[in-house]
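Fit chain V to the given chain C structure using the hints.
Number of protein chains: 2
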Amino acid sequence: MKGISGKSRAIIEHVKPAIDNGEFPIKRVEGERVEVTADIYCDGHDKIKAVLLYKHIKQRKWNEVPMHLISNDRWGAYFKTTQTGWYEYTIQAWVDHFATWQHDIKRKFEAGQHIATELLMGANMILEVAEKSSTKLTQKLIGWAQQMQSPIDFQSEVNIALSPELSEQMYRYGHRSNATMYPKLLKVQVERQKALFSTWYELFPRSTAKEKGQHGTFADVAHLLPRISALGFDVLYLPPVHPIGTKFRKGKNNNVKAAPDEPGSPWAIGNKEGGHKAIHPQLGSLDDFRALIAKAQEYNMEIAMDIAFQCSPDHPYVTEHPEWFKWRPDGTVQYAENPPKKYQDIIPINFETDDWQNLWRELKSVVDYWILEGVKIFRVDNPHTKAFAFWQWMIAEVKKDAPEVLFLSEAFTRPRIMERLAKIGFSQSYTYFTWRNTGEEIKEYLIELTSTEVVEYMRPNFWPNTPDILPVSLENKDEPAFITRLLLAATLSSNYGIYGPVFELGLNEAYSGKEEYNQSEKYEIHHWDWSKETKITDAIRKVNLLRKGYKALQQTRNLMFLNADNAQLLAFIKYDDDKTELILTVINLDTNNQQAGWIQVPLYLFHLPYGEAYTVHDLMTGNKYTWKDEWNYVMLHPNIAPAHMFHLEVNPIHNPKQPLVVNVVE
Amino acid sequence: MKGISGKSRAIIEHVKPAIDNGEFPIKRVEGERVEVTADIYCDGHDKIKAVLLYKHIKQRKWNEVPMHLISNDRWGAYFKTTQTGWYEYTIQAWVDHFATWQHDIKRKFEAGQHIATELLMGANMILEVAEKSSTKLTQKLIGWAQQMQSPIDFQSEVNIALSPELSEQMYRYGHRSNATMYPKLLKVQVERQKALFSTWYELFPRSTAKEKGQHGTFADVAHLLPRISALGFDVLYLPPVHPIGTKFRKGKNNNVKAAPDEPGSPWAIGNKEGGHKAIHPQLGSLDDFRALIAKAQEYNMEIAMDIAFQCSPDHPYVTEHPEWFKWRPDGTVQYAENPPKKYQDIIPINFETDDWQNLWRELKSVVDYWILEGVKIFRVDNPHTKAFAFWQWMIAEVKKDAPEVLFLSEAFTRPRIMERLAKIGFSQSYTYFTWRNTGEEIKEYLIELTSTEVVEYMRPNFWPNTPDILPVSLENKDEPAFITRLLLAATLSSNYGIYGPVFELGLNEAYSGKEEYNQSEKYEIHHWDWSKETKITDAIRKVNLLRKGYKALQQTRNLMFLNADNAQLLAFIKYDDDKTELILTVINLDTNNQQAGWIQVPLYLFHLPYGEAYTVHDLMTGNKYTWKDEWNYVMLHPNIAPAHMFHLEVNPIHNPKQPLVVNVVE
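Sequences listed follow chains C and V, in order.
So the first sequence is residues 75 to 740, counted in this note's numbering.
So the second sequence is residues 75 to 740, counted in this note's numbering.
So that you can see chain C by itself, here it is in the shape it has in the complex (with noise of 0.2 Å):
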């Protein structure tokens, strides 16, 4: 019977969440609930009680929560997060005596039972527990314990046996005899907001120069930042600013060469002018990077850097650290391939080899450094192509002492390789959005990601498009279909991105059938017209200060689809913790014709007066309507307006923030 706690009888199980068991923390951002449930339950008929128990890992002793019976032996609790780093929790019950007590004397009572015999057992109980509280409360304890002890009337001293404050004294300082912890401690990996309400604007710094035919540079990037930030955007992504391989480089289009004068890609990082801790000459200097980064901060923007962890044939590390490598027979370093095809300006890293410790600290080193220099936010590049324990690792190790520090997961792979990026700790994930364009597609992606186990890991960041993919949905489409997909972007998903120039602009011409942009940037240098506004950029303007407005929009958790009678109408709710402040939002997933139908709100949901009308407010155009009851007509075009974002106007919910409402000009 060694290691058994034979008179321990309550039983804890199930306890939720708990990612595989726990082997991963769950994820909050600051000021965030964690709302706990476990099957709790004991042997018998005896009542039990049962606390959540929480601390942040820097605190040494837990704060204790009361747990409540949900149904069918489910408990359940709530704490909030407050502070940045991770958060343990776990689970005490016990088989509370005293109350059962208290529901059996009651019982008996009313059955018209003699029970002296009884007030004599709760006086017991009562007198063990004056003897460890403090002097004032002992002397009320004895007081109440000496009154069972010789009764009155009895119902005197059932009223004294049921009053909450001995139940509260009981609770307080009642001894938790043979308590069962649950023997496992959870964690919560916890953020700053940022994690969870970001937007980003992705360009290629090289081509921001003013005049054509010029290197862009980091002060021509500082020189956009008031107009990017102007239209909402927070986080400025940049690809990679090192230096760039020359051996193997590729041309325009991904030609396998490329002209003497041609850039080659961001991501084939190193040459002899340095590697992964090195800038790109042409870019500017170390000083002109940091000129970026403090301008971002007067603009409420940071710049996100990109960590792509493969180098170009001449990075140093190739020659530094061979044995970070593989190596053919014929004395050539292995380069990137998925045969047939060769990527022969990209060498991976050995994630084998046998110094992977030092290899290991080198790279997060690379991390280090640039935190140092002011960068909080890292794109990870196809983070799935190397080893799992390293991400995990480093991540860990970074976040102890910089826990405000934030990594993007950019894996398109599949599912399981997504989930455990994220599960390791990566704050957000790049998502498969890119590719689900109809309703059905839509709500079911969006239902795994919010009301599955996925919700309590994985942060999801939406992007229509990226440098790297031009997707079917805007391929040759106008400019309804890519204000259709950043309105879903922007309302579905909290985090939402866009490889910004050539969306506003709408370019749409995919290289030779693929799913890729002609002429893509990561090959050659371009020149936009930043001054240009199109009515992308003005959507982008518009839903970007909703999202701002609106705390409904600022997570990804609280999500509700409504049904539609037009399969081309995607109609959903989103709302706050409180289910006061409510986004009623419909798209026309349609962007050649107009869809009209009747869509319903679900008003039992939200605690809202049937029979009664109310007003939603379109925050896109100010318009208002009147609605009433359930079913209600909504008509989109997709060249006037793709889609609605109504505050709902209900009488029960007072909400004293005025709507902010943005007004279309025409």
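Some clues are possibly wrong.
As the list claims (entries may be wrong) - What follows is a set of in silico ranges between Cβ atoms, one per label pair, in the way DEER data are often shown:
#, chain 1, residue 1, chain 2, residue 2, range
1, C, E447, V, W136, 46 to 54 Å
2, C, R402, V, W136, 33 to 41 Å
3, V, K331, C, S224, 31 to 39 Å
4, V, K346, C, S145, 46 to 54 Å
To be verified - Pairs of lysine-lysine, DSS-like flavour, derived with a Cα cap of 25 Å:
#, chain 1, residue 1, chain 2, residue 2
5, V, K400, C, K123
6, V, K450, V, K132
7, V, K123, C, K415
8, V, K261, V, K438
9, C, K258, V, K76
10, C, K625, C, K154
11, V, K76, C, K132
If you are wondering where the hints come from, they were derived from the structure by calculation, not from laboratory data.
Note that the structure is a prediction, hence the values are computed from the model and not measured.
Glycine is no exception: its CB is placed at the ideal position from the N, C-alpha and C atoms.
Only chain V this time, still in chain C's reference frame:
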């Protein structure tokens, strides 16, 4: 990086089955399969291999089964259990560089690339393995490697590279560099076949006397064995056979006072003549009990003993071990109660006693005592009112020395509690079947039992009635209701039982509006006419014979409900693991009226041909019908035949076994 296997890139997760993440064993009987699946993958594009490892805990070395990719990174394999006791299983996976090389060289060769360097890489891998393998193979491997080092025409070398013989050698002797071992050892509790397939008959020995007014004895029970065995039962379950308490003894119909000549409830165990290891003198001696067990063996039957760990007030434990009970301030021992109800004839054991270790040892010694006397099956009374930890320890300890011993959990309580009892080791469980009446109720419940994780650890035992329960489905009902409930229990579940004499006789009178029998045998001695044969008796004999003849009915896992256009017709197929034996049962749930309708045979699921006629052979009547395609017509009258039990004689099934037919004698 302490404790991190930095070079292990293969991930193994979500291994199933694993009850509560492996905290509890799954259950099997000898010969049953354990199908194991897991998500297995690595970073990047390398190929992986995975093996399922398993062994009986008494074995030292692992057995190994290659796993196969099912889809979407899910892999699977299975093994068969052949021995009772416990098995362990886990998974090993690794990046298979040789398989990756094979995959790549094939692609490159097909694309016409130069592969001389690739062949050198393969030769190196082969030579590395050659050093480790046996002499004969070493030569062969070296030969192949040498040819790759000096290729003739590439085609020959690629043929060698991809040859099954080389693949086999590299798999067998190749070193599993940086293999990942799943960190948990998952367990299987393997029991004898009876755990899965058993047919129970319950009777009160004291009601078996030949003469009315006499107290039945073990010898009287022995006289009934031929009859009960001939009905097809293989377990005879007896309520407690111990001395019955005299203090606060209950009278007829649970009267709080017993008349001097009333026998009391057998569950009020213990008096001055002894406790749980003693025998009630009126039933006979220990030798008589041994004789009963011996005679049961002759009839291929077993005696199941009742284990009810509670005491009457005059049980010897109460004076010998007062510390095992709760005492009231008035000096009396605490009786069982559920306020305001009192059960003064039963004293619960206090599992929170400080002396719990001695208590546990003593209770286990009761089980050990009867095992030595030849009892191998225990029906445990109300296990949910005793500490779970005790059962878990006791069952595991008993099974270490006597894996053949089975425990049936008699808990009719809340779902989580019933599940836990099954998880902690009970071989079989009473269920909610007793209260599942409509087709929807039955389907929903059976799907829970057979198609969720519950199937891995809980073996249902279906009881249409018990001495405690005369359910609504039988109260004031006629024979067809009894036969319907019998057939449901006997066909849906491979373990089932009846509280026999009252069931055979169709007794249906409840006591004062309760779900209990009037004049329950629990409180008085009855005298049954054992020579009487009812229609119910006839149905019992038939269905039990079919259960013995058809494997499909000897397990509860392989069950599929069929569509029917009449909700009163419950239709389902049970099948053996190979899906070669198909038993299609249709039961008319309306016990008053004839019901007819169309039912659908899902031909595609059983690989049966469309468009051909096939024979369905009613094993209850001997009638044969010709069916075609999926939808076929049935008609059942409760007074003629409340059910069909069809053996499907369909062409592609070559079943040499002659179907066993029970001929009806009208």
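Each hint tested on the structure:
As the Cβ distance of E447 of chain C to W136 of chain V is approximately 51 Å, the hint placing it in 46 to 54 Å holds. Separation of R402 of chain C from W136 of chain V is about 36 Å and conforms to the stated range, judged on CB atoms against 33 to 41 Å. As the Cβ distance of K331 of chain V to S224 of chain C is approximately 33 Å, the hint placing it in 31 to 39 Å holds. At roughly 47 Å, the beta-carbon separation of K346 of chain V and S145 of chain C lies within the given 46 to 54 Å, and the hint holds.
For the hint pairing K400 of chain V with K123 of chain C, the CA-to-CA distance comes to about 21 Å; that is within 25 Å, so the pair holds. The suggested pairing of K450 of chain V with K132 of chain V holds, with an alpha-carbon distance near 22 Å, which does not exceed 25 Å. Of the supplied pair hints, the one linking K123 of chain V and K415 of chain C holds, its CA atoms being roughly 24 Å apart against a limit of 25 Å. Proposed proximity of K261 of chain V and K438 of chain V is supported: the alpha carbons are some 23 Å apart, at most 25 Å.
For the hint linking K258 of chain C to K76 of chain V, the alpha-carbon distance of about 21 Å falls within 25 Å, and the restraint holds. Distance restraint check for K625 of chain C and K154 of chain C: the Cα-Cα separation of roughly 17 Å lies within the 25 Å cut-off, and the hinted pair is therefore satisfied. Distance hint between K76 of chain V and K132 of chain C is fulfilled; the C-alpha atoms sit about 21 Å from each other, no more than 25 Å.
Checked against the numbered hints above, the structure violates none of them.
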